[in-house]
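J.: These are the residues of each chain, in order.
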Amino acid sequence: MFLKLSLRAVFLGAGGGNDIQWCFSQVKGAVDDDVAEADIISTVEFNHSGELLATGDKGGRVVIFQQEQENKTQTHSRGEYNVYSTFQSHEPEFDYLKSLEIEEKINKIRWLPQKNAAQFLLSTNDKTIKLWKISERDKRPEGYNLKEEDGRYRDPTTVTTLRVPVFRPMDLMVEASPRRIFANAHTYHINSISINSDYETYLSADDLRINLWHLEITDRSFNIVDIKPANMEELTEVITAAEFHPNSCNTFVYSSSKGTIRLCDMRASALCDRHSKLFEEPEDPSNRSFFSEIISSISDVKFSHSGRYMMTRDYLSVKIWDLNMENRPVETYQVHEYLRSKLCSLYENDCIFDKFECCWNGSDSVVMTGSYNNFFRMFDRNTKRDITLEASRENNKPRTVLKPRKVCASGKRKKDEISVDSLDFNKKILHTAWHPKENIIAVATTNNLYIFQDKVN
Amino acid sequence: MAGAAGPGRVPGAAGGDGDDSLYPIAVLIDELRNEDVQLRLNSIKKLSTIALALGVERTRTELLPFLTDTIYDEDEVLLALAEQLGNFTVLVGGPDFAHCLLPPLESLATVEETVVRDKAVESLRQISQEHTPVALEAHFVPLVKRLASGDWFTSRTSACGLFSVCYPRASSTVKAEIRQHFCSLCSDDTPMVRRAAASKLGEFAKVLELESVKNEIVPLFTNLASDEQDSVRLLAVEACVSIAQLLSQNDLETLVMPTLRQAAEDKSWRVRYMVADKFSELQKAVGPEITQNDLVPAFQNLLKDCEAEVRAAAAHKVKELCENLPVDGRETIIMNHILPFVKELVSDSNQHVKSALASVIMGLSTILGKENTIEHLLPLFLAQLKDECPEVRLNIISNLDCVNEVIGIRQLSQSLLPAIVELAEDAKWRVRLAIIEYMPLLAGQLGVEFFDEKLNSLCMAWLVDHVYAIREAATNNLMKLVEKFGADWAQNTIVPKVLGMANDPNYLHRMTTLFCINALSEACGQEITTKQMLPIVLKMAGDQVANVRFNVAKSLQKIGPILDSSALHVEVKPVLQKLGQDEDMDVKYFAQEAINVLALA
Chain A
1 MFLKLSLRAV
11 FLGAGGGNDI
21 QWCFSQVKGA
31 VDDDVAEADI
41 ISTVEFNHSG
51 ELLATGDKGG
61 RVVIFQQEQE
71 NKTQTHSRGE
81 YNVYSTFQSH
91 EPEFDYLKSL
101 EIEEKINKIR
111 WLPQKNAAQF
121 LLSTNDKTIK
131 LWKISERDKR
141 PEGYNLKEED
151 GRYRDPTTVT
161 TLRVPVFRPM
171 DLMVEASPRR
181 IFANAHTYHI
191 NSISINSDYE
201 TYLSADDLRI
211 NLWHLEITDR
221 SFNIVDIKPA
231 NMEELTEVIT
241 AAEFHPNSCN
251 TFVYSSSKGT
261 IRLCDMRASA
271 LCDRHSKLFE
281 EPEDPSNRSF
291 FSEIISSISD
301 VKFSHSGRYM
311 MTRDYLSVKI
321 WDLNMENRPV
331 ETYQVHEYLR
341 SKLCSLYEND
351 CIFDKFECCW
361 NGSDSVVMTG
371 SYNNFFRMFD
381 RNTKRDITLE
391 ASRENNKPRT
401 VLKPRKVCAS
411 GKRKKDEISV
421 DSLDFNKKIL
431 HTAWHPKENI
441 IAVATTNNLY
451 IFQDKVN
Chain B
1 MAGAAGPGRV
11 PGAAGGDGDD
21 SLYPIAVLID
31 ELRNEDVQLR
41 LNSIKKLSTI
51 ALALGVERTR
61 TELLPFLTDT
71 IYDEDEVLLA
81 LAEQLGNFTV
91 LVGGPDFAHC
101 LLPPLESLAT
111 VEETVVRDKA
121 VESLRQISQE
131 HTPVALEAHF
141 VPLVKRLASG
151 DWFTSRTSAC
161 GLFSVCYPRA
171 SSTVKAEIRQ
181 HFCSLCSDDT
191 PMVRRAAASK
201 LGEFAKVLEL
211 ESVKNEIVPL
221 FTNLASDEQD
231 SVRLLAVEAC
241 VSIAQLLSQN
251 DLETLVMPTL
261 RQAAEDKSWR
271 VRYMVADKFS
281 ELQKAVGPEI
291 TQNDLVPAFQ
301 NLLKDCEAEV
311 RAAAAHKVKE
321 LCENLPVDGR
331 ETIIMNHILP
341 FVKELVSDSN
351 QHVKSALASV
361 IMGLSTILGK
371 ENTIEHLLPL
381 FLAQLKDECP
391 EVRLNIISNL
401 DCVNEVIGIR
411 QLSQSLLPAI
421 VELAEDAKWR
431 VRLAIIEYMP
441 LLAGQLGVEF
451 FDEKLNSLCM
461 AWLVDHVYAI
471 REAATNNLMK
481 LVEKFGADWA
491 QNTIVPKVLG
501 MANDPNYLHR
511 MTTLFCINAL
521 SEACGQEITT
531 KQMLPIVLKM
541 AGDQVANVRF
551 NVAKSLQKIG
561 PILDSSALHV
571 EVKPVLQKLG
581 QDEDMDVKYF
591 AQEAINVLAL
601 A
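From first to last, the protein sequence lines are chains A and B. Here the UniProt record's numbering is used: the first residue of the first sequence is 1, the next is one more, and so on. Here the UniProt record's numbering is used: the first residue of the second sequence is 1, the next is one more, and so on.
Honestly, I wouldn't trust all of these hints.
[Claimed, not checked] Facing chain B, from chain A, some residues (calculated, C-beta under 8 Å): (1) Pro-141; (2) Phe-167; (3) Met-170.
Since the hints were derived computationally from the structure, they do not count as laboratory data. Owing to the predicted nature of the structure, the values given are computational and were not obtained by experimental measurement. The beta-carbon is built from N, C-alpha and C at its ideal position, and this holds for glycine as well.
So here's chain B without its partners, still in its complex pose (with noise of 0.2 Å):
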């Protein structure tokens, strides 16, 4: 093998004097600048794997200088590498050199791609946790000021990130220091960066002391939550969360809910939309006290908000809200301050607010109790179920469960059936899917009876749709009936049906029967696969469409090893044979797989 590579040739291993262990790595570090991205990817994937055959100290000198110049690289390679140097420290000779790393993070933090920044800023901050207290400040801390301060917002809107990581572990002085920096770029002159001062406002705050986070972080709050771009205003929202728990009632009072209050009226409706959407929190963090005297007229508000996109968002929110009201007097607040709006959005001029609301609204049974339920919430059940957008209806269908529990569906099922039926029969197939999908749901809550009654011929009419996804629907959707009702029901009411599609004129409907009886034969059992299905199939073999003959090919491999051995040998092998003489490949091949699998050979 030695000196066999003769030029032009790749060499495949070293050999003779060379060190056998080195050639691999020799590949991998050459990798780490070949032209294909794919080979530099992997190789950067590899790079704990280098470090290690370079020793801790040649990773130092020589392959962190040239990984810190390898900026130019595609994002992926930069978002690997990244990755890779937060777990590194060990490979560099552990904490003592943990500084070792922070030259090439550097540079991948205020490169232009925001998710190689962000990798970059977590690995910092995991890096950060393994200095020193004294390297920290040696290393750590210079390089957030040098990122604060930099030219370009990149690297600014990365610091942000770092603050919280250091200051715990600071000396007083910077950490005055790091809390000025911080200060300065919530108010940046570009909005990337005070938007991200903003979203890590609260994480800030969290490590900070209580008499700072009053002092300084509040007013901070209060600028960005009055800043003059909404992108900007809605992350304060945000940080409100957490500001608000690390306060007590009287200061958050005072400081932090006259900004909330602003939020919630601000003249932005993505700012409104962040305070729906955040409410649940808000509410959290605020305690029960605030929320009853602000939050839930706040929320009125919001639910009648003039932008659909922010009443959709409350709508989303109040089944949320009013399972955590103290219940102590929770039934009042929600029948006299909540209801009321909740009513006007059952008939919102907007589809998507009320299908919000109708994701929700039956859960609030369960929280008004019978009465109530029948009494309030029924009405706003029925009239969403009469809603001329599928989607409401289907949410309400969806959740019957809930209703279910408290008053039983009876109360419901004089309007679920007509609602149902329209659904079963939208020109829409999706809707028609959706709808398939609750069934065994509405077949559980309803009962066999009722089911048999109304909505068992629907069941069938899906099996014929002329949209193959509803009739694959349809067959999957037996097969859970079945399992729910048991096999003297499906012997009773489905299979004659079933069967009886075997002489449909349509080859199409011909084979539903035999995807019907791969689905139920397993959950009908052997006595009526053998008496009543397996006759069909064996007839279908004799069907003038190839498709069919080889469905029924490979139902007979499904169905075979539910017969017994005598059924199998007597009647199906035959069967089989012949259609393994088939003109069709199709056919031959599928009875020759169904012979193999049977062992019938």
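Next comes chain A alone, as it looks inside the complex (with noise of 0.2 Å):
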């Protein structure tokens, strides 16, 4: 509670209420334009403390960055973040029995809460999920009886004492070690894995269904959630996502294609088909269109820090829900309503389809999300006042603060202004993340990964 408590009044110290200025820390990845599709990034994540940060990329490798500490000769930048570990975690296969390829891409990767010197996060593709666990080591053995160091074998009469070896230090070394691999419990695609907040259990969505896992069993897991119907001509939704609560171990939600966010109560029995409760706004009949249902599928859901609210992403807008209100969320914010005329050719050239995920600020004040031509999104949820920046290595100076951008949806575009025509929908921010404690933010533009913080005077 005290953390907590004191967490905002750090927030509220450094916002003021006054918008935070975006600058440029960091870009990662490859300066080319000729981008690699191995090299896409899938998915962000920040682990618990902020410390580290985790990619995944088309390729099936995981890129964790480390923040420095913090240099004291220089006091207004803070820690930048360096490649800490690159390892990779799944590999394409082939599913012989349905002739179906898997691919490596990583759909999302989870950090554990750390439970020692080590650390321990998730990675999925469409159908294993595998838990790996990042360590150091600083010593090493040294001292053999029957060989020198260098492998020569040494005369074995001369061997008249034993010795034991012994540690020694050296360079620090960082080892991504698999310890349990989760295979073989879904059908379909994976899209959501949630690590729940008993410390024990996480579950794994795919199109149709949600399974429950100890983590430290891998033979067995249990079906929580089954939507698939008998005939599935007769499908009419698929699960997007879901997420265990932050702090109700028995509560869990998952978005549906339908625009629906379903709460199920694990107490309540053993399967949870039945929901404990069903969010849902109805449909504006003004706006109604062929692209109405495609347009209402949700991409992602994240519950708040607090557990009090959870925010959804459609394709056009992100929505705030309190978990005590079913009938409608709380707040809505129009991400990119200026596409609304344009989604006839957003659905030719696919992109209407794009997922688009979002995320909290630490305190629960700011949320983001992304939107096309690398610009993105944040919602200052007091203020209500919102702003669109661009990832861009056109002003990659560090401290450089981020000019705000501005789409003209339609007449005349004045000076500064993008007009809608002009946007590039091949340059995409899927995936951002913001460190759980501090204003530092993390962009994932298609093969780069652009690390912005708030200026620091």
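Build the complex: two chains, separate frames, hints provided.
T.: What follows is the structure, given as structure tokens:
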């Protein structure tokens, strides 16, 4: 409790109700425009302290960045994130029984609460979830009886006493080792994993089912939600995302392609087919069109840190729901309303099916989500002010304040405004993450990871 | 040999000036850091050999510091290490030096792998007993405190398991500190630690003074039982059993029962499940009076719980609950307070609940006696025998012996038969397999007449089932039946039918004849084997299918020892010799094998 209060005080002190000025901090990844498919970033996630930042890519790799200890001489610059460990989490596979290729793309990464000096994370592709341990080693054993350190054998006649090896300091080595592999439980593609606040279970969701796992048991999982109809032709909706409540271990939510969110209570019964709450906003008949159903599909759902609210992202908006009010969201923010007139072409180039994610800041007062043209949006829930920023290499001098961007919806274009027609729909920001305690954000463009932070005076 | 090992060559053994006995130890020590996990594991398992060679002094000053730092290793190596260290006291110089083993075990008690931590805790518990009281307070208790206030929850969870071993031997001031530490772990921030504390609460309570149990453990128990996380609350149910055993009936009523009542009605089905699952233990712990006043009503609720998992767990306990009621008034309680709810479960919507009930319900007949069984239980048995779910029917059939003792099986036979026939013809072969396995039992209970009349044809039909596992089980079944009913019965009812199959156009059925002969010959004895079976087997040596022919060879090898030597030499030998010249390789092989085994060469 004390921690949360003091945290909030820090935020209020820093923001003071004024908007944060965001500065460029770092950019990771190749500079050239020629993007290798394997390098496309597919997920971004800070750990619980914010000291580590993990990204996953289409090539099945996980890259972990570590925040450097604060530099005493440069008080105004917070520690930069540098590569801590890189490892191949998933490999491409082939399911011979179903003649299906299984991509190595990392769909989600989730950090476990820290349990000892090592760090643990779960990473998943479409089918298989893996538990990784990332640990440091700074000592190595020295001294053999029968050979030299370089491997040459000693003359055994010279061995007259026994030597016990001793550990000597060495350069720091970071190792990533797979600890558990949770496989063969999903028929469809896994879209979410979420760790329970009981620290021992997690859920994994695919298009039609949600399974509950114990973190130490790989050969069995329990099916807790199954929306697969007996006849697949009657299929009308799929699960798009699922998450556990941050502190109530029996509660989880899942969102659907129909724009609804169901909240389930695992105390009520073993199989959570019957939800205990259904969050749904009645559709505005005036906005009804051929695309209504597609754009109402929820691409991400996230509980606030406090556990009181949840945020959902659909194609055009971000909605904040109070868990105690099911019939409508308490706040709705338009992300790129100007695209409503462009839905037809967005449907033709498949962009309408892009799955934008969203995230909360550490104090739940600001939310962030991505858009096209490498723009990303932030909405301040208290001041109701919103801002559009761009992740670009153009002004990548450290501590350069990012200029707000504006898209002109129609008619006359003012100076500094960008017309809707000149937006680049190939440059999209799907994945963003916010440091759990500080104003540091990580924004993934196609194959680059941008890190921004607030201007410290 | 001296100096023979050139560069790059693994030396064979130490010689010359070197000490011969050092060489194997040197290898073991070097392999402690080999790249191959298997070799490291091997060395760790022989750690006592290494320690013995090093002597107690060097083990303490060199080996243990090395082992303390090896926590980076694979889990299986760490697990073996944790286990070894539990028996290491002698190797470090006896109880006076037992505390030297604490540092490596302390670091093992903080690793992330639960099995390793648990093993380290187990070894620490073992070693604690070897500490002198002074050493315990000087070394062991500080270790427990360090773990209990560790930064990461892994160390705090490990600490939970160590309180109960050091408490009884500590001085009263230290005892108070230990209680204080345990108390704070019970309200730890992380559910992992609260769960560990809850699971050790009962064990800790047992070593505490009664006053402390009442004043300190009971409040902790009450708190854990109302924890916000149901994964913690459900562990408090287990602690309830241990705590209840320590308290008087009065204290029990005021201190524990409110919590237990609350657990039985918990909002979370997992907690209620735990109450159902631990019901017999709870019943024994609280005694007959509270059982009758509190547990029986609670049990009624569990039997009609809205969650099937809970009902199934409760259904499993029906028999045990009834058995453990005091004999005085037992019948009345069961008839009035349990049976009405059991009746409901017979037509439950969930098949796991019904099958759980079916696995124990027959046991009630011995408790209730003949009249009640006929009047009240029999209709339930009959209803379950007609259940749509095969598992329910199977569970009833597999427990027939309980009823047989009380009312005799005749009462059931009218309903039994259709149930058996239906299971025998079930589309799922595993169901058919299960019922075959009960045939010898049924045959014993129903008697030879009933069997011949109704069940014999089923047993024969299984011999030609299209699934091999069924044909195989049917063959074994025949053997058991013959053991039960005798050779005469076999000769009249089974053997003719089995032998008749030798002319079947399907070679798989012809082979079944051979398999049956293999199984039956011993039980049927020499005469039947020689006069009836042998001619058929010999005739089949001319079968056109090679698989049949080599099975003839195998059968002859099997029944050979039962035959007399003239039949063996006059009839079997020529046939085997002929098969020995067969064009098929396998036939030749098995014929030759039979000739060798029967010594006919």
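J.: Each hint should be assessed against the structure and marked as holding or not.
T.: Against the structure, the hints come out as follows:
{"no.": "1", "hint": "Pro-141", "in the structure": "5 Å, holds"}
{"no.": "2", "hint": "Phe-167", "in the structure": "4 Å, holds"}
{"no.": "3", "hint": "Met-170", "in the structure": "12 Å, violated"}
Hint 3 from the earlier list is the only one contradicted by this structure; the remaining hints agree with it.
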